[in-house]
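Going down the list, the sequences are from chains B and R.
Residue numbers for the first sequence follow this note's numbering, so the first one is 1 and each next one is one higher.
Residue numbers for the second sequence follow this note's numbering, so the first one is 1 and each next one is one higher.
In case anyone wonders, no lab produced these hints; they're calculated from the structure.
Note that the coordinates shown come from a computational prediction; the quantities given were computed from them, not determined experimentally.
Please note that the accuracy of each hint is not assured.
What the hints assert, rightly or not - EDC-like mimics (lysine to aspartate or glutamate), calculated; alpha carbons at most 20 Å apart, straight line: (1) Lys44(B) with Asp7(R); (2) Lys41(B) with Asp7(R); (3) Lys54(B) with Asp30(B); (4) Lys54(B) with Asp24(B); (5) Lys45(R) with Asp24(B); (6) Lys44(B) with Glu3(R); (7) Lys45(R) with Glu42(B); (8) Lys44(B) with Glu57(B); (9) Lys41(B) with Asp30(B).
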Amino acid sequence: EAGVTQFPSHSVIEKGQTVTLRCDPISGHDNLYWYRRVMGKEIKFLLHFVKESKQDESGMPNNRFLAERTGGTYSTLKVQPAELEDSGVYFCASSQTFDRGYGYTFGSGTRLTVV
Amino acid sequence: RKEVEQDPGPFNVPEGATVAFNCTYSNSASQSFFWYRQDCRKEPKLLMSVYSSGNEDGRFTAQLNRASQYISLLIRDSKLSDSATYLCVVRTGANNLFFGTGTRLTVIP
Numbered sequence: 001e002a003g004v005t006q007f008p009s010h011s012v013i014e015k016g017q018t019v020t021l022r023c024d025p026i027s028g029h030d031n032l033y034w035y036r037r038v039m040g041k042e043i044k045f046l047l048h049f050v051k052e053s054k055q056d057e058s059g060m061p062n063n064r065f066l067a068e069r070t071g072g073t074y075s076t077l078k079v080q081p082a083e084l085e086d087s088g089v090y091f092c093a094s095s096q097t098f099d100r101g102y103g104y105t106f107g108s109g110t111r112l113t114v115v
Numbered sequence: 001r002k003e004v005e006q007d008p009g010p011f012n013v014p015e016g017a018t019v020a021f022n023c024t025y026s027n028s029a030s031q032s033f034f035w036y037r038q039d040c041r042k043e044p045k046l047l048m049s050v051y052s053s054g055n056e057d058g059r060f061t062a063q064l065n066r067a068s069q070y071i072s073l074l075i076r077d078s079k080l081s082d083s084a085t086y087l088c089v090v091r092t093g094a095n096n097l098f099f100g101t102g103t104r105l106t107v108i109p
């Protein structure tokens with residue numbers, strides 16, 4: 001079974017530019033999550049999709065961040081315009097169930113550097 | 001106050017040693033508890049879920065104390081391959097995971 005796939009693995013952009021991150025969850029997983037780790041801090045929740053619907057976007061830092069999941073398959077996270085503080089590692093995760101004991105499978109992340 | 005607090009370490013232990021990590025969580029309504037392992041520049045990977053009765057998986061033992069809001073992980077007979085960052089993770093509500101900053105372990109030959 002293919003895991004959660006993210007690309008690009010690395011992205012270096014200038015402040016003010018736009019970047020789009022992509023996540024392909026495990027096939028059949030309705031739940032898709034975005035998390036972010038900025039340097040020196042813990043991994044933090046950004047948002048959660050159930051199929052194509054946003055279930056919870058309380059972690060999105062501001063309106064420069066836009067996430068979509070068209071058709072309930074892959075998801076994109078766009079940052080426009082990027083700021084220096086957006087640098088960090090963006091992880092996507094997916095899960096099949098809300099089983100309380102079930103963890104999530106994470107992708108290998110996109111390392112974003114804004115210069 | 002952070003949702004999940006962990007001692008960042010680092011913990012440097014010799015091969016074969018027993019090492020314990022602890023974490024505390026602030027939300028008494030938290031429902032699910034996990035330990036994840038993260039290798040350098042890799043994604044977090046689920047190590048084990050943590051149950052109130054305590055659970056063991058080989059050399060790894062996890063315990064949960066709901067009254068004290070405290071979670072622990074014990075690693076026995078440490079191997080070089082155990083070197084990694086161990087993340088204490090708590091789920092509150094239906095879907096939101098809260099991570100600790102992680103405890104870094106280095107097992108020395």
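Results for each hint:
1. Lys44(B) with Asp7(R): holds (18 Å)
2. Lys41(B) with Asp7(R): Holds, at roughly 13 Å.
3. Lys54(B) with Asp30(B): Given that 20 Å is the threshold and the Cα spacing comes to 11 Å, the pair holds.
4. Lys54(B) with Asp24(B): holds (16 Å)
5. Lys45(R) with Asp24(B): Given that 20 Å is the threshold and the Cα spacing comes to 17 Å, the pair holds.
6. Lys44(B) with Glu3(R): Holds - the C-alpha atoms of Glu3(R) and Lys44(B) are around 11 Å apart, at most 20 Å.
7. Lys45(R) with Glu42(B): holds (15 Å)
8. Lys44(B) with Glu57(B): holds (12 Å)
9. Lys41(B) with Asp30(B): violated (28 Å)
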